[in-house]
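Visitor: With the hints as your guide, set chain B onto chain A.
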Amino acid sequence: MYKILHREDLVPGIHLFRVEAPAVAAKAQAGQFVIVRVDEKGERIPLTVADWDREEGSLTIVFMEVGTTTRKMAILKKGDYILNFVGPLGLPTHIERLGTVVCVGGGVGVAPIVPIARAFKEAGNKVISIMGARSWNLLFWEERLRSVSNELTVTTDDGSYGRKGVVTEPLKEILDSGQKVDMVMAVGPVVMMKFCAKTTNPYGVKTVVSLNPIMVDGTGMCGCCRVEIGEKTKFTCVDGPDFDGHQVDWDLLLARQHIYLEAEKRSLELWEQREGRETNA
Amino acid sequence: MPKLDLNRQPMPKQEPQVRAKNFNEVALGYTPEQALAEANRCIQCPKHPCIDGCPVEVPIPEFIKALREGDMLQAVEVLKSKNSLPAICGRVCPQETQCESACTLSKKGAPIAIGRLERYVANWELNQPATSKPAVILPPTNGKRIAVIGSGPAGLTAAADMAKMGYQVTIFEALHIAGGVLMYGIPEFRLPKHIVQSEVEYVKSLGVDIKLDSVVGKVVTVDELMKEQGYDAVFLGTGAGLPMFLNIPGENLNSIYSANEFLTRINLMKAYLFPEYDTPVQIGKRIAVIGGGNVAMDSARCALRLGFEEVHIVYRRSRAELPARQEEAENAEEEGVIFKFLTNPVRFLGNKDGWVTQMECVEMELGEPDASGRRRPIVKAGSEFMIDVDIAVIALGTTPNPLITATTEGLDTTKGGTVVASETTGKTVKDSVWAGGDIVTGSATVISAMGAGKRAAASMHEALGG
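As given, the protein sequences belong to chains A and B, one line each in that order.
Just so you know, we're using my numbering here: the first sequence kicks off at 1 and counts up by one.
Just so you know, we're using my numbering here: the second sequence kicks off at 1001 and counts up by one.
Any given hint might turn out to be false.
[To be verified] The following label-pair restraints were derived from C-beta to C-beta distances:
no., chain 1, residue 1, chain 2, residue 2, range
1, B, 1276, A, 191, 30 to 36 Å
2, B, 1357, A, 81, 42 to 48 Å
3, A, 81, B, 1046, 57 to 63 Å
4, B, 1357, A, 189, 25 to 31 Å
[Claimed, not checked] Far from chain B by the CB rule (all over 12 Å, computed), these chain A residues:
no., residue
5, 7
6, 10
7, 55
8, 77
9, 136
10, 146
11, 147
12, 157
13, 176
14, 182
15, 194
16, 198
No wet-lab data here; the hints were simulated from the structure.
Beta carbons: idealized from backbone N, C-alpha and C, even for Gly.
One chain only, chain A, in its complex shape (with noise of 0.2 Å):
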């Protein structure tokens, strides 16, 4: 059992929790992933760590409502325990200093782009950092990631907050700029880190991604979250969440995030009748 010592909403339907995992904590690295079971009947689901702190013993996760877990999460408080808190898995990102790296994070992929921009400053980078969301009420850890940042853009696709437009637009900028970029790295929707890969592609600039395929175990034993990295087949728990994103197969991987959609359905249909509460969505 692990308690939440802390629960911040940060946007409708985006939560953070700080969870007591001091062994967790202890190793965990920007990059790296959780596996949570939130109860006895529950899916195990891998989130991204998106900060620790080892002093407290804790592990920050953040979450986003979109299946039967996330949504019992939600309703979780501070005090409350999740009942299997499993890390920190998977390859930490590779961090070594190379000149600038932009980092781009969209949607809830925000919270584990902020650790990793983090690491990239503290190593001797410049890093440029580019945020998205849909709109103003969605964004999230602004001034956490300015704090790690040389530079920050801030997108809402109806722009409502910063640039109008997409993080694809800012980051072509960058390319175009003549200034030299040595890495992109993105966290975000899958349609997102494919377009980045897309955009950097021409210019010849590493694009690293972090996958989030769906996971069972979480420790290579279950082959689910398997990916297609330049044609070779590859664990995202054991050999990623990080590949390189132009050689990852996306329409293998977006195929793949489907296959329980119809199920997904059902099992929140099902657990919202139980709890007797209305969809948000």
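Guide: Okay, now just chain B, sitting in the frame of chain A:
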């Protein structure tokens, strides 16, 4: 000399048509009368070859004697003196190639049904109130601490034996429940999960601490366990984790599973109870399971119970080479699994949305024996044909998970990724580290892993000076 009784008591089972639709245990277990009749057949021969046939050397004639004398407590104590997990072994051990094949009556074609008697005795104990079970008497602790990595059959056995010898044992388990392959791999209808948990509780009653959600190699390394956390020795029983695939085109299409994933969803996550449980598994009309081992049989039989209409097992050799236990293959066939022998998939085809729809196969014929001693399958030219499938499950076996070997200095591994350890002691080349089970041998049986756990415990005890 009394006349030999060669009437081996059959195991009562659920009827095939009935059991193929439920996840309840297939075998129903002996009645007391059947158990007694079977026990009475044992001639108590002085040579007791059965004991030599048992990887953990259970004093078989002795427990059978106690059973037929009606002293069930004694029968339990004798069994548990060597085997900490009898309710599991009585169900999943391949007795036909071990104790029973060695039985003197085996020559007459009617070996004592040792496994069924073991199951009977173990079940009797599980059904007793705690007060009438044999008391657990432990020696005083010797203050030495043992870390056991993995709570499958090897780890549980090593932990139980070390605890019985006075060591303080902690098991580190990656998953959210103890039992390893006994929980995620072997289905409920062959090995009910409450039985596994009862055996786990017994191991805990010996003073063994089990830390769940603990992935060694990630949250802590083997070296840290010894250097920072003060463990005197480590036993690696992490099993064979990584599923093997065919490496053919289309293998990553939606609805193609490794057997590990298919079974983990069903057994560990209880997808057969979806949507009461949150984890789903794909269900369709036609499924092909590729492979011929026990895991393939388990996958196919699970599929029947999930409601698939046509369940195929596709195996590239013939029936004679099936690596599965004969009993399991027979159970599968009785329940309605269709075997396609001498057939090998060459690619999967899918629809535009990325779902598998067909599997292209070739026919095979058997050539000369290969390195495994089995006749090598050869492709028949021009024999390509299609099988329509909604779901495919790849059950080709597993290779060891590298999480530990990649993070532990000084372990020796084979080309296949298994840990090199002495067959007789389980000692690795690294100081204070032992290993046993599938992590050393590659995919094998529950009982061979238990045997390895037992030998390692004895060797650790010797090395640590008791």
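Visitor: It remains to establish, for every hint, whether it holds in the given structure.
Guide: Status of the hints after comparison with the structure:
| no. | hint | in the structure |
| --- | --- | --- |
| 1 | B:1276 <-> A:191: 30 to 36 Å | holds, 33 Å |
| 2 | B:1357 <-> A:81: 42 to 48 Å | holds, 44 Å |
| 3 | A:81 <-> B:1046: 57 to 63 Å | holds, 58 Å |
| 4 | B:1357 <-> A:189: 25 to 31 Å | holds, 28 Å |
| 5 | 7 | holds, 21 Å |
| 6 | 10 | holds, 24 Å |
| 7 | 55 | holds, 18 Å |
| 8 | 77 | holds, 21 Å |
| 9 | 136 | holds, 33 Å |
| 10 | 146 | holds, 32 Å |
| 11 | 147 | holds, 29 Å |
| 12 | 157 | holds, 26 Å |
| 13 | 176 | holds, 35 Å |
| 14 | 182 | holds, 28 Å |
| 15 | 194 | holds, 15 Å |
| 16 | 198 | holds, 20 Å |
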